[in-house]
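**Student:** Fit chain B to the known structure of chain A by using the hints.
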Amino acid sequence: MSRVPFYLKERLEALNEKVLRERLEASNLPSWERVIFTWVTLMVFWIVISTNATPENLSLGAAVTLLIALFMRDLLTKDMRRSGHVVEKILYFSLIYLPQYLVIMAFRLLESNLKVAKNVIFMDINPGIVKIKTDLHSDTGITILANSITLTPGTLTLDVKKKLGETYLYVHWIDLETLNREKAGEKIKGDIEEWLKKVFW
Amino acid sequence: MRPEVLLLLFGESIMLFGALGILRFPDVYTRLQAASKCDTGGAMSIILYLVITMDAPALVRAKFLVLAFLIAMMNPMVSHALARAAYRYGVVPKVVVDMYAWDNP
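Protein sequence lines correspond, in order, to chains A and B. Letter 42 of the first sequence, counting from 1, is numbered 42 in our numbering, and no numbers are missing. Letter 13 of the second sequence, counting from 1, is numbered 13 in our numbering, and no numbers are missing.
This is chain B alone, in the form it adopts within the complex:
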């Protein structure tokens, strides 16, 4: 077994845990946390596996790194937009303290 396969296995297991987190966590915001982190990490490690193992010229493989960069920039931005929109819509978070509600009564 080649050592690059570990990257693929890691990515897939992290994606699995992200899906489990979306099912098990109590409210929108904690579910968004699971979704954003696990999707970014899992997709990036799978892309790294592809970059290492694909037999293509180096410039073609560098395109995958552009893809990884775009995922890493976009995924947290989308989760931030979703969380803010959910808060503005009135989804009450299940939290201990809520300083955002203190400042926006």
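This is chain A alone, in the form it adopts within the complex:
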């Protein structure tokens, strides 16, 4: 693909963007499900922030968050995959996926802290910048993946580049082990990408 002339390349990228956009539109959630998702999230945030569980406070919060959720419904849920019923999905998300992610990230963060301490004491660093490929395309998914990569041991995301329908991440790796793109991707991303692919497209 690198030998494509310049004028053709731009058209090809525009076409790929269009196909991707259409697939996204086709895989979007129905609008009432998006409203319910946003409503539940905002309601939980309201209860935690106001620290007041009296009935009038709860009803006021429900009214205001429903009003907000009606016109901000695309903000949080734009990039979610369509699958299953909405109640089932909310239960799956809050009881299985989110605790799974939190446990994975907690242990990774602990490991990375200990690794930084080890690197500071012994100074056995061998840094390099490698390029890895991800299967995620949505903005939210790439953002969460890049943030998780920054918190995993020994890696820091430098830049994201979308090229011809594929997404590449440039990662600064403090202890370079391999230059092969697939092996480096497996080592850096781990099981976080598998987790993210279940929720975001």
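Watch out, some of these pointers could steer you wrong.
Chain A stretches covered by chain B per the calculated footprint, using a threshold of three residues with CB under 8 Å from any CB of chain B [unchecked claim]:
#, stretch
1, 44 to 54
2, 122 to 134
3, 166 to 174
4, 194 to 200
By construction, these hints were calculated from the structure, which means they are not laboratory data. In this text, a Cβ means the ideal position worked out from N, Cα and C, and glycines have one as well.
**Tutor:** Same frame as chain A, but now just chain B:
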């Protein structure tokens, strides 16, 4: 001694190692690694200690978890922005291979 104090000690020692890393590592990017990871882990474990030991209603303590969530989302994002800005400005990294420079000549 109560076992929660271990969380506080862990957080403080990790913060100390992060500061040492900022002083000892050779260039901007490795220093950013030390800063982002150690700040996130240390601050979150100190917040967990506060959540466990504070005598307040449960909803008030849940506010600290919102704080921990914000730290965990913001800290890597800021370090990513700083690293990218430093690269664009022309700070040369001390690395073995630099695939970012291969693709952006």
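**Student:** Are at least 3 residues of the stretch 166 to 174 of chain A within less than 8 Å of chain B when you compare beta carbons?
**Tutor:** Coverage by chain B holds here, the residue count being 3 at a Cβ distance below 8 Å.
**Student:** Do three or more residues from the stretch 194 to 200 of chain A put their C-beta atoms closer than 8 Å to C-beta atoms of chain B?
**Tutor:** violated (count 0)
**Student:** Check whether three or more residues of the stretch 122 to 134 of chain A sit with their beta carbon closer than 8 Å to a beta carbon of chain B.
**Tutor:** holds (count 8)
**Student:** Taking a Cβ-to-Cβ distance below 8 Å as contact, does the stretch 44 to 54 of chain A have at least three residues touching chain B?
**Tutor:** holds (count 7)
Hint 4 alone, counting from the list given before, is not met by this structure.
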